[in-house]
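In order, the protein sequence lines correspond to chains A and B.
Under this note's numbering, the first residue of the first sequence carries the number 4, and numbering increases by one thereafter.
Under this note's numbering, the first residue of the second sequence carries the number 4, and numbering increases by one thereafter.
A couple of the hints might just be wrong.
Pairs involving identical chains hold if they fit within one copy or between any two copies, as the list cannot separate such chains.
[Said to hold, decoys possible] With a straight-line cut-off of 25 Å between C-alpha atoms, the simulated SDA-like cross-links for lysine to any residue are:
(1) K6 to R126
(2) K9 to G171
(3) K12 to K63
(4) K5 to Q58
(5) K12 to I85
(6) K32 to D154
(7) K12 to D135
(8) K129 to L66
(9) K161 to I182
(10) K6 to G172
(11) K12 to E57
(12) K180 to S89
(13) K12 to G134
(14) K173 to E184
(15) K161 to G56
In case anyone wonders, no lab produced these hints; they're calculated from the structure.
Protein chains: 2
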Amino acid sequence: MKKYLKLDKAHLLINHGPVCLITSYDGKKANIMTVAWTTPINWEPPLIGVVIGEQAYSLKNILKTNEFAINIPTRKILKETIFCGSTSGKNIDKFKETGLTKCQADKIKVPLIKECIGHIECRVFKKYKFGDSVLFIGEVLSASVDDDLFDKCLRVDKLAGKTLHHLGGKYFTIPEKIISERS
Amino acid sequence: MKKYLKLDKAHLLINHGPVCLITSYDGKKANIMTVAWTTPINWEPPLIGVVIGEQAYSLKNILKTNEFAINIPTRKILKETIFCGSTSGKNIDKFKETGLTKCQADKIKVPLIKECIGHIECRVFKKYKFGDSVLFIGEVLSASVDDDLFDKCLRVDKLAGKTLHHLGGKYFTIPEKIISERS
Chain A
4 MKKYLKLDKA HLLINHGPVC LITSYDGKKA NIMTVAWTTP INWEPPLIGV VIGEQAYSLK
64 NILKTNEFAI NIPTRKILKE TIFCGSTSGK NIDKFKETGL TKCQADKIKV PLIKECIGHI
124 ECRVFKKYKF GDSVLFIGEV LSASVDDDLF DKCLRVDKLA GKTLHHLGGK YFTIPEKIIS
184 ERS
Chain B
4 MKKYLKLDKA HLLINHGPVC LITSYDGKKA NIMTVAWTTP INWEPPLIGV VIGEQAYSLK
64 NILKTNEFAI NIPTRKILKE TIFCGSTSGK NIDKFKETGL TKCQADKIKV PLIKECIGHI
124 ECRVFKKYKF GDSVLFIGEV LSASVDDDLF DKCLRVDKLA GKTLHHLGGK YFTIPEKIIS
184 ERS
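With these hints in hand, go ahead and build the complete structure from the sequences.
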């Protein structure tokens, strides 16, 4: 079961810096792209920034439809996450190649990835080009998370909640446990 | 001992999404601010995005000097990191209050925090306002890291390399170990 988050809480899915799978759709084929370069931007309106290389196949999908979704993968799909980050969707269907499952979004035409624990649906609010990168500022239209994996915060202490954090190259890390000031 | 990183590798200090301590300086007093909302933006020129609330005392420092530094704290200074994120520098000197140690930067007048394991010196390249937030795009002028804590990537598997990742509210997580596709 999933539960919906208030839009100004959507950023709590990425606040700790996990790798994200960005889905996009050109009207015919959906694509999946792995990105580590994201950040919350603002609460009201709820905005999230996502950086995409100008060579990325996903770029033209997003420019065409002005929509994308942020899907939060975990260690369980590390292999698929690396695959989607090291191949182009130009000549392949990454959903088919990985076996990841499409599910319908609430507010946009872009499919979500069922195997991910959290989903944020975005419409492009602004975009800026810097060097070889495009920074998309997405306005959050809907956000949801696996019911078991969120109470006061994302439950990265649970086995099913081990988000992936990209250290560069082929190296990732996963969260150990939840700590607070008294830990 | 610290070693310098090539400027297009500076982003590897924040690629996995750690909380950062932003230092700034108005010519008289330095300030420290805790931020979770950062992202690499581009390699060449090397750019990093940092989001700061418009109410933050650090904002006027950065607007005045167009400089800031990104310091990477670890679990060892969790208490100081939380303190700097929950107090304003308007009426206090956070270096004095926390006991954190200033050290000189290479390219900017803003002091760095000695107890942090990595440092990125930035000059403001662009800035954008969204709602109550200001997104600073900083150009990296210098970047360094503790020699023991970086080889192919940041060594978050070592005790001294346990960066902090903010889950929201009073909750943080720390990295467990380094994994790659074969793990």
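If you test the structure against every hint from before, which numbers come out violated? 3, 4, 6 and 15
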